[in-house]
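Undergrad: Sequence:
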Amino acid sequence: MDLLECMEVFQEVGKSLSFSKAAESRASSRSSVTKKIAWLEGYFGVQLFNRNTKHVSLTESGRLLLENADALALATRNLKELVQGPVRNPSGRIRMGTPPSFGAVHLAPAIENFLNRYPAIRVSLLLDDGRSDLIAENLDLSVRIAPRLKDTNQIAYRITVVPQVIVATRAYLKAHGAPKTPKDLENHNCLIHSLKAPTGMWVFTDKRNNTQVVQVSGTFNSNLGESILHLAKLGHGISMHPRYMVENDLRAGVLEVLMPEYRPEGLDIYAIVQSKRHLPYKVRLFVDHLRKWFKDAEWQQ
1 MDLLECMEVF QEVGKSLSFS KAAESRASSR SSVTKKIAWL EGYFGVQLFN
51 RNTKHVSLTE SGRLLLENAD ALALATRNLK ELVQGPVRNP SGRIRMGTPP
101 SFGAVHLAPA IENFLNRYPA IRVSLLLDDG RSDLIAENLD LSVRIAPRLK
151 DTNQIAYRIT VVPQVIVATR AYLKAHGAPK TPKDLENHNC LIHSLKAPTG
201 MWVFTDKRNN TQVVQVSGTF NSNLGESILH LAKLGHGISM HPRYMVENDL
251 RAGVLEVLMP EYRPEGLDIY AIVQSKRHLP YKVRLFVDHL RKWFKDAEWQ
301 Q
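Residue 191 in full-length UniProt numbering sits at position 191 of the sequence shown; the count goes up by one each step and never skips.
Treat each hint with caution, since some may be false.
Unchecked claim - Straight-line C-alpha distance at most 30 Å; calculated DSBU-like pairs for lysine-lysine: (1) 35 with 15; (2) 295 with 276; (3) 276 with 196; (4) 54 with 21; (5) 15 with 54; (6) 207 with 183; (7) 196 with 183.
Keep in mind that the hints were calculated from the coordinates and are not lab data.
Just so you know, these numbers come straight off a predicted model, no measurement behind them.
All chains should be built: construct the whole structure from the sequences, respecting the hints.
TA: What follows is the structure, given as structure tokens:
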């Protein structure tokens, strides 16, 4: 039951000393009024009315409540508006961590769109490798991009799945030939992301949904995708990247997609939060915004 509504019903009955008149005044049934008064008596743990088939009168507790009902109702209403304020008019600061390239290039437009919709909200962005300690860094959320989360105890919201592609330059392919199947990658210089593929295992799915796992190796690995991409663009080897990271280079003809009939394992983008139960409304709004934003992203099509 709603406390404010029950208080209003109590005031109607207390002033008219009639359940029937209170019901009529509120365009309600007498049984509904009776239930609300019973709930209010249970809430306060006292009897508020003496009543029989002919008369209704206030008890001492009922009289005291009626005398203070206006002030109590006003205080309750003000408190309700105060608590609901962040929901109706979300404001405050959201602190978040994110991998550098994704945050600076692809997350920034999503943030800008979100801030235009909610001008009372502020966002602080910490560019890191996506593994910040939420509590130590006082972060509301952290964006993680990985084939899967290692820590199953983390409270995570999956934002989207990012497709990946295998790429190389024409110069590299001219000098070393183009791989036809994942198995062929064993004979190529593969540039490896040490966080996303620490053991050098690349996973593919063919058109029949059969999975192939290949052990790759090469002369360069890094925990930063930009450095791997830079060497690939220099013709140093074959690399695997999220589609969003190489979209412009593919359009410009700097890189070519290899083995399009084999789909590399995608990357999940997660929003990691401290507490699901006490997730601030502004953070929940932002997570929902990210889901819709990246669902409609061009590189998802």
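Undergrad: For each hint, tell me whether it holds in the structure or not.
TA: Hints and how they fare:
| no. | hint | verdict |
| --- | --- | --- |
| 1 | 35 with 15 | 18 Å, holds |
| 2 | 295 with 276 | 22 Å, holds |
| 3 | 276 with 196 | 26 Å, holds |
| 4 | 54 with 21 | 14 Å, holds |
| 5 | 15 with 54 | 16 Å, holds |
| 6 | 207 with 183 | 16 Å, holds |
| 7 | 196 with 183 | 20 Å, holds |
Of the numbered hints stated above, none is contradicted by the structure.
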